[in-house]
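Novice: Sequence:
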Amino acid sequence: MKFKLLAASVPALLVHGIASAAAFKVDEASIAAIEEALQNRQVTCVQVVDQYLARVRAYDQQGPALNAVITLNPQARDIAAQMDAEFRKTGRLSGPLHCIPFAVKDNYNTTDLATSGGNILLKDSTPKVESTATARIRNAGGIVLMKTNLHEFALSGTTVSSLAGQTKNPYDLTRTPGGSSGGTGAAVASNMAAVGLGSDTVNSIRSPSSANSLVGFRTTKGLVSRAGVMPVSSTQDVVGPLGRSVADVAAVLDVVAGGYDAADPATAAAYGKPAPKFVASLDRNGLKGARVGVLKGFFGTQPIHQEVNAAMANGIEAMKQAGATIVEIADPFFDADAIGRDMDVQKYEFKPLFNEYLKSLGDQAPVADVHALIASGKYHQPTLGKFLASTDAFASGMTEPDYLARQVKIDALRTRLLAAMAEKKVDFVVYPMQRRLVVPITELNQADRNGILAGVTGFPAIDVPVGFSAANETAPIGVPIGMDILGRPFEDEQVIRVAYAFEQAFHARKVPPSVPPLK
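Per this note's numbering, residue 113 is the first one in the sequence shown, and the count goes up by one each step.
For the record, the hints were derived by calculation from the structure and aren't laboratory data. Only true hints are included.
Derived pair list, reagent style DSS-like, types lysine-lysine, alpha-carbon separation capped at 25 Å:
(1) Lys537 / Lys432
(2) Lys521 / Lys408
(3) Lys432 / Lys622
(4) Lys536 / Lys400
(5) Lys400 / Lys389
(6) Lys408 / Lys536
(7) Lys622 / Lys137
(8) Lys490 / Lys240
(9) Lys631 / Lys137
(10) Lys408 / Lys537
(11) Lys240 / Lys471
Computed spacing ranges between beta-carbons, pair by pair:
(12) Pro208 / Lys137: 16 to 24 Å
(13) Asp224 / Ala375: 14 to 22 Å
(14) Phe445 / Pro208: 41 to 49 Å
Every residue, glycine too, gets a C-beta built ideally from N, C-alpha and C.
Using the sequences provided together with the hints, build the complete structure.
Specialist: As structure tokens, this is what we get:
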């Protein structure tokens, strides 16, 4: 079921009419290009916002009907007008993200917009405290243009929710956009927003990046505050950006990353470390002299995996041509399926964390706890029923012997991975984000994902476009394929550096054919 506010809010936002077509077009426009056009008075902030809104109107519920947006910010155009007025007066942009429209996953608290987590019971719940990440975005001049669909409560990977239904992949309308941040992924890929925010517990920033020919960065745990984002796992949760380029992701990270936030104790790990400078780390020669390990156990061996393997082979060869030394890591210990089976701790941590989140909503909470949510039956039962039942079975999951054993295994995995990188003298490891193509919307789960390695270790991993499958009737240019580049903890700037160098050498991104430029 689609949240009714969307249908009502698009005309309301456009009541003043779309601004006359500017010479500057937002299609595939980078953050830097938008800022330059605003500075040079080629376009106004209102015109920028209007162009993105026009694309939402054309493609979210009409045309390909991507169904990526849960709600639009009814104040977005007024905010843009205020920015234009201030710029005319001072000649200065309001910050490094001045007038950059964001697609924000609807599990980030926003005090001016409801925060639903994709759940129908929470459709009118407006938190009292803004998330740290969106507060920093707004303070830097960014505009929260929309809240986007997600796999409900960020608990699975195909982006379907009881509130908004199924989001489609703009490259192949019969497939999912990945998940759980698939609404953000589809919106950014389709140029309905300049850049987006997602969350990643296992795969959920990088899976939709892989599926939508985007760049998505899961930073080192603790580098970006998670405060004010609906929790799943204190061990595994990370929040961060999805964009159409490494440079755009770097620009967002320069705003949201770094610093201690008492509302998220994990950020204490970054205390005392120099503030990261991501844009300054962009270097098209960043692969020269790099040593890159290839995790052989993270590749599939069946016919269904071959298109992904072929794209990865091309990407790895491009790294080599750009100056990297490629080293195979064949340790059978690195098995994504086994890591997911034996080390994932979501089901043990979700219930107490989510109960606390509901408590923080006060009178905005529609139910008191996870048990009451289950009793209501108002959630996407086909994909969440088993997980919610399993987490509710524990009085306190974080005291379970199996939970404690998993934490010991996670510590061993961190040590084993660092040791393997040291023994092979590699700076980074690479692997396909998904061993097979993103699944059709008829399937309930995405099989063969590899994001769990960064998910449980907390190491930084960026997903970059590495190619497409063969074109077919439903996928006119093929289905996107992404490659993860994983680095050591708090070496995030180096991960950005090599990702940018790869992007500049390979240029894999293509625009979805289902959402062409508007006339």
